[in-house]
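Here is what each chain is made of, one letter per residue.
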Amino acid sequence: MKLGTLTIAAICAAAPAMADLVYPSLSYRTGPYAAGGIPFADGYADYFTLLNERDGGIGGVMTRVLECETGYNTEKGVECYESTKGEGALVYQPLSTGITYQLIPKTAADGIPLHTMGYGRTSAANGSIFNNVFNYPANYWDGASIAVNHLLEENGGDLSGKTIALVYHNSAYGKEPIRTLEELSEKHGFDLSLLAVDHPGQEQKSQWLQIRRERPDYVVMWGWGVMNQVAIQEAANIRFPMENFIGNWWAGSENDVLPVGEAANGYKSLAMHNVGTDFPIYADLNQYVIDAGKAAGNGDQVGTVLYNRGFYAAMLAAEATKKAQEIHGVADITPAMMRDGMEALVVDEALMESLGMPNFGPAFSVSCENHGGSGQAKVQQWDAAAGEWNIITDWIDSDRAVIDPLIAEDSGAYAAENNITPVCG
Amino acid sequence: MLYREAGDFKTSYTADNQTFPIQFDRVGYWALLAVAVLVVPFIITDYWASSFLVPFLIYAIAALGLNILTGYCGQVSLGTGGFMAVGAYASYKLMTAFPWMDMFTVTILSGFITAAVGAAFGLPSLRIKGFYLAVATLAAQFFLVWMFNKVGWFYNYSASGQINAPERSVFGIIVTGPNTQAWAQYLFCLIFVIALAWIARNLTRGTVGRQWMAIRDMDIAAEIIGVNPLRAKLTAFAVSSFFVGISGALFFTVYLGAVEVGEVYGITKSFLVLFMIIIGGLGSIFGSFAGAAFLVLLPVVLKLVGVDLLGWPTDIVAHLNLVIVGALIIFFLVVEPHGLAQLWRLTKEKLRLWPFPH
Numbered sequence: 001m002k003l004g005t006l007t008i009a010a011i012c013a014a015a016p017a018m019a020d021l022v023y024p025s026l027s028y029r030t031g032p033y034a035a036g037g038i039p040f041a042d043g044y045a046d047y048f049t050l051l052n053e054r055d056g057g058i059g060g061v062m063t064r065v066l067e068c069e070t071g072y073n074t075e076k077g078v079e080c081y082e083s084t085k086g087e088g089a090l091v092y093q094p095l096s097t098g099i100t101y102q103l104i105p106k107t108a109a110d111g112i113p114l115h116t117m118g119y120g121r122t123s124a125a126n127g128s129i130f131n132n133v134f135n136y137p138a139n140y141w142d143g144a145s146i147a148v149n150h151l152l153e154e155n156g157g158d159l160s161g162k163t164i165a166l167v168y169h170n171s172a173y174g175k176e177p178i179r180t181l182e183e184l185s186e187k188h189g190f191d192l193s194l195l196a197v198d199h200p201g202q203e204q205k206s207q208w209l210q211i212r213r214e215r216p217d218y219v220v221m222w223g224w225g226v227m228n229q230v231a232i233q234e235a236a237n238i239r240f241p242m243e244n245f246i247g248n249w250w251a252g253s254e255n256d257v258l259p260v261g262e263a264a265n266g267y268k269s270l271a272m273h274n275v276g277t278d279f280p281i282y283a284d285l286n287q288y289v290i291d292a293g294k295a296a297g298n299g300d301q302v303g304t305v306l307y308n309r310g311f312y313a314a315m316l317a318a319e320a321t322k323k324a325q326e327i328h329g330v331a332d333i334t335p336a337m338m339r340d341g342m343e344a345l346v347v348d349e350a351l352m353e354s355l356g357m358p359n360f361g362p363a364f365s366v367s368c369e370n371h372g373g374s375g376q377a378k379v380q381q382w383d384a385a386a387g388e389w390n391i392i393t394d395w396i397d398s399d400r401a402v403i404d405p406l407i408a409e410d411s412g413a414y415a416a417e418n419n420i421t422p423v424c425g
Numbered sequence: 001m002l003y004r005e006a007g008d009f010k011t012s013y014t015a016d017n018q019t020f021p022i023q024f025d026r027v028g029y030w031a032l033l034a035v036a037v038l039v040v041p042f043i044i045t046d047y048w049a050s051s052f053l054v055p056f057l058i059y060a061i062a063a064l065g066l067n068i069l070t071g072y073c074g075q076v077s078l079g080t081g082g083f084m085a086v087g088a089y090a091s092y093k094l095m096t097a098f099p100w101m102d103m104f105t106v107t108i109l110s111g112f113i114t115a116a117v118g119a120a121f122g123l124p125s126l127r128i129k130g131f132y133l134a135v136a137t138l139a140a141q142f143f144l145v146w147m148f149n150k151v152g153w154f155y156n157y158s159a160s161g162q163i164n165a166p167e168r169s170v171f172g173i174i175v176t177g178p179n180t181q182a183w184a185q186y187l188f189c190l191i192f193v194i195a196l197a198w199i200a201r202n203l204t205r206g207t208v209g210r211q212w213m214a215i216r217d218m219d220i221a222a223e224i225i226g227v228n229p230l231r232a233k234l235t236a237f238a239v240s241s242f243f244v245g246i247s248g249a250l251f252f253t254v255y256l257g258a259v260e261v262g263e264v265y266g267i268t269k270s271f272l273v274l275f276m277i278i279i280g281g282l283g284s285i286f287g288s289f290a291g292a293a294f295l296v297l298l299p300v301v302l303k304l305v306g307v308d309l310l311g312w313p314t315d316i317v318a319h320l321n322l323v324i325v326g327a328l329i330i331f332f333l334v335v336e337p338h339g340l341a342q343l344w345r346l347t348k349e350k351l352r353l354w355p356f357p358h
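Protein chains in written order, with this note's numbering: chain H, 1 to 425; chain Y, 1 to 358.
Mixed in with the good hints there might be a few duds.
As the list claims (entries may be wrong) - Think about it this way: if two alpha-carbon atoms lie no more than 27 Å apart in a straight line, the pair counts; the simulated DSSO-like pairs of lysine-lysine are: (1) Y:Lys150 x H:Lys187; (2) H:Lys187 x H:Lys162; (3) Y:Lys150 x H:Lys205; (4) H:Lys205 x H:Lys162.
Unchecked claim - DEER-style ranges, computed between Cβ atoms: (5) Y:Val40 x H:Asp278: 49 to 59 Å; (6) H:Gly299 x Y:Phe331: 30 to 40 Å; (7) H:Gly189 x Y:Trp153: 23 to 33 Å; (8) H:Ala416 x Y:Asp102: 17 to 27 Å; (9) H:Asp394 x Y:Ala120: 52 to 62 Å; (10) H:Ile290 x Y:Lys348: 57 to 67 Å; (11) H:Leu258 x Y:Trp100: 55 to 65 Å; (12) Y:Val40 x H:Ala416: 34 to 44 Å; (13) H:Asn418 x Y:Val35: 34 to 44 Å; (14) Y:Tyr29 x H:Arg64: 37 to 47 Å.
Stated by the list, open to error - Computed, partial: chain H to chain Y, Cβ under 7 Å: (15) Arg29; (16) Thr30; (17) Glu67; (18) Glu69; (19) Val78; (20) Glu82; (21) Gly98; (22) Gln102; (23) Lys175; (24) Arg179.
For the record, the hints were derived by calculation from the structure and aren't laboratory data.
The beta-carbon is built from N, C-alpha and C at its ideal position, and this holds for glycine as well.
Sequences are here, hints too, so could you generate the full structure?
Below, the structure is given as C-alpha cells:
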C-alpha cells in the first residue's frame, strides 16, 4: 500500500521534468576501476547519441544521458541516485554490485527499474520477488556455471579429481559465484580452492604464490579494475598456462591483457556479447557520432570489449523503451511504463539483425518470473600477436538444475526478510 | 556592534562558566537549534537529506569522537573506519537477532559495544606513543575490516558478505530501510548529534576532559600531579569509540542501508575523519562540526557548480575535487594549523571590538 502511494508520488514528481527520455549513467571515470568504467560509459552514451542524431530519439522523443561520477563508491552512488531520480530517470545501470545492493530497496520504493546486466544481485533473476530489478541476459551464477561447463567440454565431460582455484575480488561482487561453484564442485567432483584479493587488488603476490605451490589445474577469476591486469601479470610471472586461466566477463577486456604483452597470449574469459566493430551499426556510429565529433569521452574506446558492453546495455534499454511505448501507446514514458517494457522485452535474431547488430548478444526473452534472460555466454580468447579477442565457442548454456534452486532459495530469503509477496502467477 | 559583551553581566560561577558566555552566541545557538529541529524537517527533500544533511550529521559524530581522542587526549588514531565498522556490525547483529528492539536502543548498545572494543585496542596506548600508536591503531583498522569480511557470523552467512539494514522503527516511525521519510532519517540523526555534542562539551570541560588535556600536553607532568594515565587514556578511547561506534551504526542503518565493509569502512574513511578534525580544528567541538560540514559539502558543491552549472565533464570535476581537498589541507596546515575553529575564534575576537579596534 505504502509502496504503491510512493510509486505514484514518484511518478507525479517526475512528470513535469519529462520532456525527454532520461537515462542516468552512474559512471566512474576516476579511481582504480576507471579502466572498466570509461569504455562502458562511452559506449552507453554513444548509443543514445546515435539514436538522437540518426532517428531523432526513440519514438520521436529525444533521449538524454545524465552522467554522474560515482568512482565505484557506494556513498557517491547514493548521492548520484538521489540527485538524478527527480529528473525522470527511466532506468538505472550502476555498473557496480555494491551500488546495486544500495539501490535495490531504494528503486523498489521509488518505482524505478534497475538493470544490472551481468552483475548485481544474482537472485534478482527471480522477477516475482525482485519486481523492478532485471539482470538479463546472464548473471554471475550463470557465468560460474558456464566457465565450468566450458572446462567440462574440454575434459570430455569429466572434471573429477581436478582442482579449480577461484581468484576473487573480496567484495559482494567477487563472493557471488562461490555458492554456485561449491555446488558444482560437489556435482562434478572437482576440488575448489578460494583465494580472496582485497580491494583494489594491486597486491596479489601471496595468492599467486599459493597457486604456484598448489598447482591447480584451472584458475577462474572474478576480478574488476586494476585487479585483472595484476592477476594476469602474476599468472605470467609464475608461468601459469594462460589457456587454463579463465576470467569472468568483467575480467576480459583489452585493458586487462594489454599491459602484460606477449605473456598474456591465450588468456580466456567469458563474453556475454560479441567483440569487435564488424557490425553494420558501426558504420552509422562513425557517420553520425564519431565523425560528427559527438563521441563521449575521448572517443578512443570504440570497439573495445567494454565499450561494446555499454553499447549493448544502451541497446537493451532503448529496445525496452520502444516496447514500453508500444504497450502503453505513449511516446513519453514513465519509469513504471519502462518497467513493463523491460518485462516484455524479446530480443531475437531478427531484432538484432534489424538494428545492425546481427548475433551481437544471445537471443532471449524476459517474463514476469524470469528477469534473468537466457543465461548464456561465449568464451573468448586473447590473441596477443594480433591484439584482439577471438570468440572460440558458441553460446554455452548454464546448468539451470543447479542455479534455479539457488536463485529460489536466495530470493526467498530476501522476500522473507523484507515481507515481499511474489507478484507473478 | 553585533557581537558585544557590554551589559552582559555574570553574577554566579555557573553563569561565568557557561558554554556560550556572550548573549549573541547564546541566541544564535538556540536559533540554530530551533531552525534545525523545527524548520528543516518540514522542508527537507530526499536529495538534501542523503546528499548533505544526514552524512554531515553522521560524520559530525565521528569527528566529535575522534576529536575527543586525538584533539583532547592527544592519542593519534587511524582506526576510526574499523571502529565505525564495529558499530555497524554490532547494530546489524542486534537488529537481526532482536527484531523487536527499537532503533535508539540498538544504536546506543552498538555504541557501548564499540566502546568496549575501542578500550581493548586502546590498551597499547599505555606503552606506546605518537607515531607508534598510530601504527597500532592502523593495525586495528585492518584487523577489524579483515575480521568482518572473514567471519561469516558477523554478516549472518549471507552469500555476498554484505549486510543489509532491515526496516526498523522508533515510536512507530520508520527510520531505516528504503521506505524511510527524509525527515525521519534527519531527525533521528539530529537527536543523536545534539545529545552527543552536549555530552562531549560537558565531558571535555569537566574533570575527565581536564585529565585528557593534561595527558595530551605532557603525560609525565600529568602523572606527577595525580592524573592516572591508565584511566585517562582508556576513558578517552572508550568515549571516543562510543561516539565513533554510534556514527558507524547510523552510517549503516540510516544512511546507506547496505554495506560492504572493505569499501565503506576502509582506511580512506579513517583518513577522511582525520582530515575533518585537522581542517576543522583539533580539540574543538565546533571544529568537529565545521570540518565535517566542509568535507561533506565540498564535493557536492563542486559537483553542482562544475557539472550542473558549468557543464564540465564529470571526471574532470572528480579530479578537481581531489586537487582542491589536497591543496586545502596543505593550506590549513601552513596558514592555520588550528583549523576552521581558530578562524572562527579570531573572527569572534575581531567582531567583539568592531567597529572600534584598538
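If you check the beta carbons of aspartate 394 (chain H) and alanine 120 (chain Y), does the distance land in 52 to 62 Å? For aspartate 394 (chain H) and alanine 120 (chain Y) the Cβ distance comes to about 58 Å; the hint holds.
Range hint compliance [Cβ, glycine 299 (chain H) to phenylalanine 331 (chain Y), 30 to 40 Å]: Cβ of glycine 299 (chain H) to Cβ of phenylalanine 331 (chain Y): about 37 Å, so the range 30 to 40 Å holds.
Could you check if glutamine 102 (chain H) really has its C-beta closer than 7 Å to a C-beta on chain Y? holds, 5 Å
Interface restraint verdict for glutamate 67 (chain H) against chain Y (beta-carbon cut-off 7 Å): holds, 5 Å
Satisfaction of the hinted span 55 to 65 Å by the C-beta atoms belonging to leucine 258 (chain H) and tryptophan 100 (chain Y): For leucine 258 (chain H) and tryptophan 100 (chain Y) the Cβ distance comes to about 56 Å; the hint holds.
Measure nothing beyond the straight line between the CA atoms of lysine 187 (chain H) and lysine 162 (chain H); if it is 27 Å or shorter, mark the hint as holding. holds, 13 Å
Does the beta carbon distance between alanine 416 (chain H) and aspartate 102 (chain Y) stay inside 17 to 27 Å, or does it fall outside? holds, 22 Å
Against chain Y, with CB atoms and a cut of 7 Å, does the hint on lysine 175 (chain H) hold up? holds, 5 Å
Under 7 Å is the threshold here; is the Cβ of threonine 30 (chain H) close enough to any Cβ of chain Y for the hint to stand? holds, 4 Å
Pairwise beta carbon distance, glycine 189 (chain H) to tryptophan 153 (chain Y), judged against the given window 23 to 33 Å: Holds, at about 30 Å.
Status of the hint placing glutamate 82 (chain H) at chain Y (closest C-beta pair under 7 Å): Status holds, d = 5 Å.
Assessment of proposed distance window 34 to 44 Å (beta carbons of valine 40 (chain Y), alanine 416 (chain H)): Holds: the Cβ-Cβ distance is about 37 Å, inside 34 to 44 Å.
When held up to the earlier numbered hints, the structure conflicts with none and fits them all.
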